[in-house]
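S.K.: Protein chains in written order, with the numbering used here: chain W, 4 to 455; chain P, 4 to 455.
Watch out, some of these pointers could steer you wrong.
In this list, chains with the same sequence are indistinguishable; a pair is considered to hold if it fits within one copy or across any two.
[Unchecked claim] With a cut-off of at most 20 Å between alpha-carbon atoms, the simulated EDC-like pairs for lysine to aspartate or glutamate come out as follows:
1) K350 to E91
2) K7 to E23
3) K7 to E434
4) K65 to D109
5) K350 to D89
6) K7 to E185
7) K7 to E148
8) K65 to E434
9) K350 to D257
10) K7 to D89
11) K350 to E97
12) K65 to D414
13) K7 to E410
14) K7 to D429
Hint data in this document are derived by calculation from the structure and do not stem from the laboratory.
There are 2 protein chains.
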Amino acid sequence: MIIKGDIAYTPSPQELVTIEDGYVVVGDDGRVMGTYSSLPAQYTPATTGTLTAPTLVDCTGKLVIPAFNDLHTHAPQYPMLGNGFDCELLPWLERYTFPAERHFEDPAFADHWYRRFVNRMWRVGTLRFSAFASMHTEATRRLMELCQESGLRPVVGKVNMDRNAPEYLTESADDSLAGTEELIRWARTHTPNVGYVVTPRFVPSTTSELMRGLGELADRYDLPVQSHLDENPGEVAWVRDLHPDIPTYTDVYDRHGLLRDGRTIMAHCIHLTDHERDLLRDRHVFVAHCAQSNMNLSSGIMPARRWLDAGLTVTIASDVAAGQDPAMNRHIVQSIEASKIRTLEAKRGGNDGQASQAGQISQAAEPPLTLPEAFHMATKAGGRFFGTVGSFEPGYDFDALVVDEGENPLDLPVADRLERFVYEGDDRWIERRYVAGREVPEPFAQDTGRAE
Amino acid sequence: MIIKGDIAYTPSPQELVTIEDGYVVVGDDGRVMGTYSSLPAQYTPATTGTLTAPTLVDCTGKLVIPAFNDLHTHAPQYPMLGNGFDCELLPWLERYTFPAERHFEDPAFADHWYRRFVNRMWRVGTLRFSAFASMHTEATRRLMELCQESGLRPVVGKVNMDRNAPEYLTESADDSLAGTEELIRWARTHTPNVGYVVTPRFVPSTTSELMRGLGELADRYDLPVQSHLDENPGEVAWVRDLHPDIPTYTDVYDRHGLLRDGRTIMAHCIHLTDHERDLLRDRHVFVAHCAQSNMNLSSGIMPARRWLDAGLTVTIASDVAAGQDPAMNRHIVQSIEASKIRTLEAKRGGNDGQASQAGQISQAAEPPLTLPEAFHMATKAGGRFFGTVGSFEPGYDFDALVVDEGENPLDLPVADRLERFVYEGDDRWIERRYVAGREVPEPFAQDTGRAE
């Protein structure tokens with residue numbers, strides 16, 4: 004397939020490649036063969052090798068960009084989207100989130116709302132994601148089935164919880180592990196396009212025994228892991244109380260085998276010590292930066308520039324529903340906005356209460372995120388979790404969005420049009436969606452009830 | 004007219020009144036007569052006085068809320084929406100904004116884009132607003148005509164600029180005043196529902212002579228005034244250089260007769276001295292708080308709680324296009340988010356670089372905005388600028404939105420449903436729009452080109 008349009012992608016954080024009236028050539032294997040400003044002769048039908056009679060998809064005048072990869076979202080929180088913003092993390096869990104997730108013990112409720120969730124991911128152009136389900140094994144199975152049916156390629160995990168939560172949302176460690184292993188094995192044959200991700204909710208909700216069992220499962224089945232880390236000061240203190248023998252929150256995960264090298268996602272990572280930062284870097288952990296959620300729950304602002312400078316892999320994520328927007332472009336914007344506030348904080352010398360060094364920290368010390376950087380963090384940086392995903396370099400899976408922005412009143416170049424889509428666009432602008440080279444039609448459209 | 008639905012409004016910042024399956028009774032004069040949880044006998048057709056055979060508009064299951072009032076938006080920046088976020092205020096003006104506003108010297112461009120702007124205001128439920136036009140008299144006239152035709156009831160002003168801007172966007176003080184007075188007189192007969200607001204761009208762009216002339220016009224014709232104030236430190240320093248004899252930026256406006264008591268809007272108001280804060284309070288100035296714009300241009304975070312505590316009238320505004328969202332609900336959310344960051348800053352003792360008092364400032368010192376407070380700031384607080392607007396108390400103009408949120412999965416009470424609309428809703432949720440008791444159909448729908 005050859006797709007013609009106004010191409011934009013970020014092979015690196017500093018580099019936004021744009022090709023107006025360009026071409027992406029996609030092989031039968033669904034991978035990008037190359038991008039071109041004019042179509043090379045070898046891709047005409049007569050001379051193609053692996054391509055037989057390539058289809059030309061003409062998206063002239065429209066943006067063609069990598070689809071979004073959202074490494075931190077809570078599928079069972081979709082029904083509570085937009086509510087509960089009057090408290091911080093720990094009361095928020097007790098007051099809103101645990102009661103909301105409880106509903107997923109009802110299979111009909113789970114089916115109903117997971118259809119809507121998956122439809123919404125498709126709508127907003129998030130074609131791969133890493134989702135927490137609930138602790139309910141059957142509901143999680145349903146979510147994975149629906150994802151497999153939809154054409155999207157996320158990973159999903161049943162949430163493991165055996166302490167410090169309402170009894171209706173906890174199980175014994177044994178039951179939690181059994182349900183997890185059952186799903187892992189089931190998924191291998193039933194959901195080839197939907198991987199399983201081992202999902203301890205966070206340290207306070209999973210005993211050592213459970214964490215150790217999960218680390219073992221992840222190792223045995225060679226699976227990725229996801230959890231939360233250093234989001235809120237009260238949470239950090241709680242972890243210290245629960246594990247006084249372990250120096251840091253990050254070390255708790257590490258000692259239970261849950262920081263699998265290059266295969267782990269940790270959400271938030273705001274209040275890291277230098278040691279934790281280095282440990283995350285050494286384990287090649289994917290940091291899921293959730294700026295909107297962090298503002299909503301008064302968790303603080305993660306210093307994205309400092310973590311990037313320290314060599315961490317930082318991605319942008321939605322954290323539905325502590326984040327109220329499923330749409331990743333809004334999170335790109337909010338991450339940039341948060342980084343601008345952070346830059347001003349750093350200039351003033353503020354640094355989470357440390358001694359002021361006003362005047363000594365230059366304006367350049369913590370420059371804000373640029374649009375290419377943030378776009379990279381929402382596409383290629385998180386895409387690496389799934390493989391060669393999130394860019395249009397040769398060999399990358401062709402995951403893409405075709406975006407129709409409507410009028411272009413100021414005759415903007417492609418880079419500015421991308422910025423406009425990011426800042427101002429919504430799902431109505433997205434015309435087509437491709438996963439691994441295949442166009443994905445709208446899943447479960449008849450179930451959404453209303454145009455959201 | 005009697006409208007039945009799930010009523011919500013904020014008669015005061017601390018009070019969200021909700022009436023599930025309630026009624027708003029609207030008189031023939033377009034004003035609210037009362038809200039009720041069940042329809043009183045006197046409003047049945049047989050016994051009505053001022054009402055003759057009231058229409059019942061049945062919006063059962065839908066939210067009925069006051070429409071939004073946006074006291075700070077730049078209509079000619081609508082075509083540049085979503086662009087230009089890589090610099091601070093002063094370079095942003097030079098690089099993006101002045102060139103964009105230049106296009107409005109072309110009457111066809113102005114007509115085309117002002118139709119879209121007005122349509123967009125209608126779509127997002129902003130039924131009254133105070134808009135900066137451009138310095139072009141004819142384009143401004145066109146905007147006022149279109150507004151008059153649309154059924155919305157904004158105020159609009161030609162922007163006065165005679166210094167420190169490109170020559171294509173400046174005029175002599177005389178020409179600027181003449182164009183202004185011409186529009187003022189013309190509007191009185193041609194746009195009865197669209198008032199004129201005297202609009203010096205900001206001190207750096209208007210000489211003393213021009214400011215004085217504008218103050219005089221505002222006084223002679225008894226008109227409101229709008230401008231910008233204390234948005235960016237570089238701007239504040241510039242004003243000091245331009246007027247070294249005048250103690251503060253606010254005093255510059257005041258000394259030129261531009262702080263008309265109870266009839267003035269000042270946007271941003273971030274970097275106020277205590278004296279300026281008190282002066283704004285004494286003049287009953289409407290502060291237009293533009294949290295999103297302030298983040299985008301790295302201007303800082305306006306300390307909303309401190310200004311509210313000091314007795315200022317603080318409203319929420321969009322500042323299109325330094326703010327990228329026309330939709331006021333998003334600005335309600337972003338104002339709350341900004342206030343949460345501000346609360347954390349204040350806790351740490353940070354106060355724009357002042358000596359740290361960590362530990363002495365309690366968490367309660369600057370609590371964040373609540374949803375009712377922020378909703379009040381986007382409806383009633385700014386509504387007062389237009390008269391008795393922005394609430395459903397008796398005597399208030401019935402400006403309202405009917406909102407269909409679709410499914411209510413967790414059987415939420417009305418207050419939570421309002422929160423959900425604010426955090427998660429978009430223009431697609433808004434079903435009906437009323438201004439002064441009359442339903443306003445979509446203006447200029449055929450011109451929008453695309454579904455935005």
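S.K.: Of all the hints numbered above, which does this structure not satisfy? Sort the numbers upward.
M.R.: Numbers 4, 6, 7, 9, 10, 11, 14 - these are the hints that the structure violates, sorted from lowest upward.
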